[in-house]
Amino acid sequence: MDYQIMDATEYGVDAAADYFHSKWGNSHNHGFYLDAIAHSAGVKQLPKFFLLLKGQQAVGCYGLITNDFISRCDLWPWLACLFIEESERGQRLSQGIFVHAAKQAGAMGFEQLYLTTDHQGLYEKFGWQRLADGYSLFGAKTRIYQHSVDRLLRLESEIPLGCRNL
1 MDYQIMDATE YGVDAAADYF HSKWGNSHNH GFYLDAIAHS AGVKQLPKFF LLLKGQQAVG
61 CYGLITNDFI SRCDLWPWLA CLFIEESERG QRLSQGIFVH AAKQAGAMGF EQLYLTTDHQ
121 GLYEKFGWQR LADGYSLFGA KTRIYQHSVD RLLRLESEIP LGCRNL
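If you use UniProt numbering, the sequence shown corresponds to residues 1 to 166, in order.
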């Protein structure tokens with residue numbers, strides 16, 4: 001089955017907020033996701049939220065935002081909230097998401113994308129370069145990666161056929 005990426009507001013604000021919250025939220029912040037996604041509707045700049053769909057079923061998500069709760073407010077846009085259901089992993093779907101994010105960021109005039117993560121291996125495999133360390137809202141040190149939009153777009157030719165329409 002083919003995959004597609006859809007703007008979260010087109011999927012439905014409530015359903016999209018429920019999905020993002022189920023992957024990234026806690027018992028106190030559903031309203032945060034609902035409000036953020038609702039206010040991304042129709043904007044041509046940041047923030048933007050997207051769902052990865054298999055048929056009509058959400059199996060992943062990501063966002064492009066101005067800050068990912070990290071001390072480096074001088075860097076943006078941030079690729080944030082990246083999640084792919086375990087049952088869908090191993091198909092290079094993250095590569096499709098990276099290319100989609102690069103297209104979105106490029107259309108807004110951005111030349112770089114940033115992300116913060118504690119994971120090792122996935123991002124480096126796709127050419128993300130460690131830039132520096134930053135600090136989370138709660139004081140934890142975290143790694144910051146960057147990737148040029150142009151270099152991410154070059155990954156498009158390597159995306160598996162079932163993921164090409166991402």
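It is worth saying that the hints were derived from the structure and are not from the lab. Glycine included, every Cβ here is placed at the ideal spot set by N, Cα and C. Any given hint might turn out to be false.
[As the list claims (entries may be wrong)] Okay, derived cross-link-like pairs now, DMTMM-like style, lysine to aspartate or glutamate, Cα gap no bigger than 25 Å in a straight line:
no., residue 1, residue 2
1, Lys141, Glu124
2, Lys23, Asp35
3, Lys103, Glu158
4, Lys23, Asp2
5, Lys125, Glu86
6, Lys23, Glu86
7, Lys141, Glu156
8, Lys125, Glu10
9, Lys44, Asp118
10, Lys54, Asp74
11, Lys44, Asp74
12, Lys103, Glu156
13, Lys54, Asp7
14, Lys141, Glu158
15, Lys54, Glu156
16, Lys23, Glu111
17, Lys103, Asp74
18, Lys44, Glu85
19, Lys125, Asp150
20, Lys44, Asp7
21, Lys125, Glu88
22, Lys141, Glu88
23, Lys54, Glu111
24, Lys23, Glu85
25, Lys54, Glu158
26, Lys23, Asp150
[To be verified] Pairwise CB distance ranges (calculated):
no., residue 1, residue 2, range
27, Asp14, Ala132, 33 to 43 Å
28, Asp150, Asn26, 29 to 39 Å
29, Glu86, Gln120, 23 to 33 Å
30, Ser157, Ser22, 26 to 36 Å
31, Gly90, Gln4, 11 to 21 Å
32, Asp133, Gln56, 14 to 24 Å
33, Gly139, Gln56, 23 to 33 Å
34, Glu86, Met6, 12 to 22 Å
35, Thr142, Phe32, 14 to 24 Å
Quick rundown of the hints versus the structure:
no. : hint                       : result
1   : Lys141 x Glu124            : holds (19 Å)
2   : Lys23 x Asp35              : holds (16 Å)
3   : Lys103 x Glu158            : holds (15 Å)
4   : Lys23 x Asp2               : holds (22 Å)
5   : Lys125 x Glu86             : holds (18 Å)
6   : Lys23 x Glu86              : holds (12 Å)
7   : Lys141 x Glu156            : violated (32 Å)
8   : Lys125 x Glu10             : violated (31 Å)
9   : Lys44 x Asp118             : violated (30 Å)
10  : Lys54 x Asp74              : violated (36 Å)
11  : Lys44 x Asp74              : holds (21 Å)
12  : Lys103 x Glu156            : holds (10 Å)
13  : Lys54 x Asp7               : holds (14 Å)
14  : Lys141 x Glu158            : violated (33 Å)
15  : Lys54 x Glu156             : holds (19 Å)
16  : Lys23 x Glu111             : violated (28 Å)
17  : Lys103 x Asp74             : holds (22 Å)
18  : Lys44 x Glu85              : violated (28 Å)
19  : Lys125 x Asp150            : holds (17 Å)
20  : Lys44 x Asp7               : holds (12 Å)
21  : Lys125 x Glu88             : holds (18 Å)
22  : Lys141 x Glu88             : violated (30 Å)
23  : Lys54 x Glu111             : violated (30 Å)
24  : Lys23 x Glu85              : holds (9 Å)
25  : Lys54 x Glu158             : holds (20 Å)
26  : Lys23 x Asp150             : violated (29 Å)
27  : Asp14 x Ala132: 33 to 43 Å : holds (37 Å)
28  : Asp150 x Asn26: 29 to 39 Å : holds (37 Å)
29  : Glu86 x Gln120: 23 to 33 Å : violated (18 Å)
30  : Ser157 x Ser22: 26 to 36 Å : holds (33 Å)
31  : Gly90 x Gln4: 11 to 21 Å   : holds (19 Å)
32  : Asp133 x Gln56: 14 to 24 Å : violated (40 Å)
33  : Gly139 x Gln56: 23 to 33 Å : violated (41 Å)
34  : Glu86 x Met6: 12 to 22 Å   : holds (21 Å)
35  : Thr142 x Phe32: 14 to 24 Å : holds (20 Å)
Comparing the model with each earlier hint shows violations of hints 7, 8, 9, 10, 14, 16, 18, 22, 23, 26, 29, 32 and 33; every other hint is respected.
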